[in-house]
Amino acid sequence: MIVVVGLSHRTAPLEVRETFATSADVLPAVLARLASHEELREVMFLSTCNRVEVFASASSPDGMAAAAKAIRMALCDHAGVGDPEVVAPYFYDRIGSDAVRHIFRVAASLDSMVLGEPQILGQVKAAFDAATAAGTLGNHLGRCIHRAFTVGKRVRTETHIGAGSVSISSVAVDLAKRIFGDLTDHTVLLLGAGEMAEAAAKSLGRGSRHIRVCNRSFERAAILAGAVGGDAVQWDALGDELTRADVVVASTASRAYVVTHELVKRAMKLRKGRTLFFVDIAVPRNVEPSVHAIDNVYVYNVDDLEQQVAEAMKSRTSEADAAEKIVAHEVADFEAWTRGQSVAPTIVRLRARTRAMLMGELERTLAGRLRHLAEGDQAALRQMMESGANKLLHAPTTRLREIGATEGGLDAVRSVQYLFDLPDAPEEPGASDIMDPDQAGSDADRLRH
Amino acid sequence: MGCGERRRGGRKSASAPYVSGASSPNRARFEHVNSFIVDGLFVATASAYLAACVLFIAFLGNERFSLAGKLAPRLVALGAALHATHIVVSSVVWHVCPVEGIHFAMSVVSVLACAVYLVMRSRYRIDVVGVFVAPLALTFLLASHLVAATEPARRYRTSILPVHVTVNLLGYALFSLAFAAAVAYLLQEKRLKEKRLEGIFRRLPPLDALDRAEHRFLLAGFPLLTIGILTGTYWAHEVEAGSATDIARAVFGYATWLSFAGVLCLRAVAGWRGRRAAYGTIAGFAFAVLVLVVYWIKSVGGPAAVAAG
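Heads up: the protein sequence lines correspond to chains A and B, in order. Residues 272 to 720 (my numbering) make up the first sequence, in order. Residues 82 to 390 (my numbering) make up the second sequence, in order.
No wet-lab data here; the hints were simulated from the structure. Please note that the accuracy of each hint is not assured.
Dumping the calculated DSS-like pairs for lysine-lysine here, alpha-carbon to alpha-carbon at most 27 angstroms [unchecked claim]: (1) B:Lys151 <-> A:Lys540; (2) B:Lys271 <-> A:Lys543; (3) A:Lys662 <-> B:Lys271.
Which chain B residues face chain A? A few, computed with CB under 8 angstroms, are given here [stated by the list, open to error]: (4) Arg206; (5) Glu279; (6) Gly280; (7) Phe282; (8) Asp289.
Now the in silico label distances, taken between C-beta atoms and shown as ranges [to be verified]: (9) B:Leu223 <-> A:Glu582: 45 to 51 angstroms; (10) A:Glu466 <-> B:Arg277: 26 to 32 angstroms; (11) A:Ile565 <-> B:Val135: 22 to 28 angstroms; (12) B:Ser147 <-> A:Gly393: 52 to 58 angstroms; (13) A:Ala397 <-> B:Ser203: 46 to 52 angstroms; (14) A:Ser561 <-> B:Ser147: 35 to 41 angstroms.
Glycine is no exception: its CB is placed at the ideal position from the N, C-alpha and C atoms.
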């Protein structure tokens, strides 16, 4: 069974989420640490601006609570939270079909702050790739994530949930225009030179004449500056740059505040009170929250921006109902597949047992009364017995698969196990077979495109 | 416009302040027609301003009413044109110079404020500030009719008086707009600080545009106010004004000048922009309004004015 443990914008404020945020470079180590817990069979780690979640499958059907506990402990260890009870109110657990529904809703952006936002599917894909590369995904959770990609695609194509897209970037531009009006004569400073800075530069920089890029690595700053037609500046010059810039887009991976209250206070004196607007799209945040209290300074972080986006996207909620129906349908399908998978070991054992019994009897007869038969005749008899066993078991196997996929199918399976004296406790689907990274990657790509 | 102003007749018509007793049936008929025209212009002006207010609010309140946003400034323009006609016709009918007497002065302020708004709204991108300008114009129009029409006593009619009143009226018009921009700025700033951007004022102009407009209106109005203060001081000295209302008016006048001077100086020297400048502008405008209130108290013959006068 699948279990999800995590925290999101619905349960935890940004200052809590940023404690648990994990960058891509440390993800393999985190996955390895999670996978080392014997309660967990498969693991995937999703860390975005809005959520930090672990998707996992438990080692045994009875070990869900233990698996959830292990995940919480691992997350707290990773974030350096000494007492897990302190952050316990921010966490949630989803188990079984609730967990599957949650994963599908996340991929379909139904659980996003901005309903219908397109980035989440790519973020789930990145998390899936990382888990596959780390060898922590198996057939069960892997299959679930595959289905999540399909659900995400279906929701986007079969509903209008993504129509009239309003992004964080467009909201940031709108806010900048509410403050400055025309951005033509204003300077945009990009703090950080990653993908987010580049995306912001494309939106904000479009109307701006001056773009400056400030990054710890000057080389990367120069590359981005070249790409967006701006100037690269040294990291040490940040204080001076704050006196020039009108809009600052902060997106560094720093875990400490890069722009402090004191730094901005000094800059505002030199700016003679000219308005300064910070767009802090980094998690953890780059700009100290108290900066917003300074006169003529405005700081909007990820939550603020997404809140504005969500306000603008209220009309999408009617589409959410249609999307929820798709999710419900897909969850039912996946559950049926899961139950069908749980029947497989019983079918295999039933066939093996029947075949072994029939073939055993045949061999004994061939060694006794029918030993005079030629080799060709004995082979023909064996073939006949094989065909007979297959024909005999065809209908029960088919019925068993059908019944097994239904909600009450487990009882029927147990009856068969009892009638034919098969070992009980059907195995968890995906108990074996860690997913091959290449195969998983190509499957995911196929589903996404 | 000192304490010795004399009244010319009672207020038989809301817009016929200078009606005097009829001396013949023909004259009475003539004055009746004139009153009808002036009253009609007054009602039409007030209606245009009121309609502009309603359209501005409708435009702010609902995105679907974009047409209202286009029509509202035109109604302000129509109101200002009717208002100007009303002032001209009234002054011709009653043989009064419009820059003499608080009755017309308040009307002229609102017409000038509307005119400056209409000229500058595109340049400063402050179309929506009309939501404050239109009610302000309407308030001044109605307030002018609460003020009894008086004309200055002969001893107060010095050569400098028309200059004093004219520059003050222009200054008041510009300060009215600076005030409107300051109020709009504070609303917009509050919304941005509280991060609540939806609601009726979501179409307010950008913060910087409002701050810039407010500053430029102050810059334009301040020299006029300075001339008004200087000419007023000279005039008071010349006519030996010294009543309680004269003193109160002078005190509030100086307070107005000091407030605006402070806002402009602190902005240049200490970078007082935005919210602080807006509060300073509103304070200055409040003192300016108090000057008019003193005129009003005097014109309705309040106890203090009576005691003083």
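Hints, verified against the model:
1. B:Lys151 <-> A:Lys540: Distance ~40 angstroms between Lys151 (chain B) and Lys540 (chain A) Cα, so the pair is violated.
2. B:Lys271 <-> A:Lys543: Distance ~21 angstroms between Lys271 (chain B) and Lys543 (chain A) Cα, so the pair holds.
3. A:Lys662 <-> B:Lys271: Outside the cut-off at roughly 79 angstroms; violated.
4. Arg206: With a closest approach of 6 angstroms, the Arg206 (chain B) hint holds.
5. Glu279: Interface hint status for Glu279 (chain B): holds (5 angstroms vs cutoff 8 angstroms).
6. Gly280: violated (10 angstroms)
7. Phe282: Phe282 (chain B) check fails; min Cβ-Cβ to chain A is 11 angstroms, beyond 8 angstroms.
8. Asp289: Nearest chain A Cβ about 5 angstroms off; hint holds.
9. B:Leu223 <-> A:Glu582: 45 to 51 angstroms: About 38 angstroms separates the Cβ atoms of Leu223 (chain B) and Glu582 (chain A), which means 45 to 51 angstroms is violated.
10. A:Glu466 <-> B:Arg277: 26 to 32 angstroms: holds (30 angstroms)
11. A:Ile565 <-> B:Val135: 22 to 28 angstroms: Violated, at about 39 angstroms.
12. B:Ser147 <-> A:Gly393: 52 to 58 angstroms: This hint is violated: roughly 37 angstroms between Cβ atoms.
13. A:Ala397 <-> B:Ser203: 46 to 52 angstroms: About 48 angstroms separates the Cβ atoms of Ala397 (chain A) and Ser203 (chain B), which means 46 to 52 angstroms holds.
14. A:Ser561 <-> B:Ser147: 35 to 41 angstroms: holds (39 angstroms)
In summary, the numbered hints that this structure violates are 1, 3, 6, 7, 9, 11, 12.
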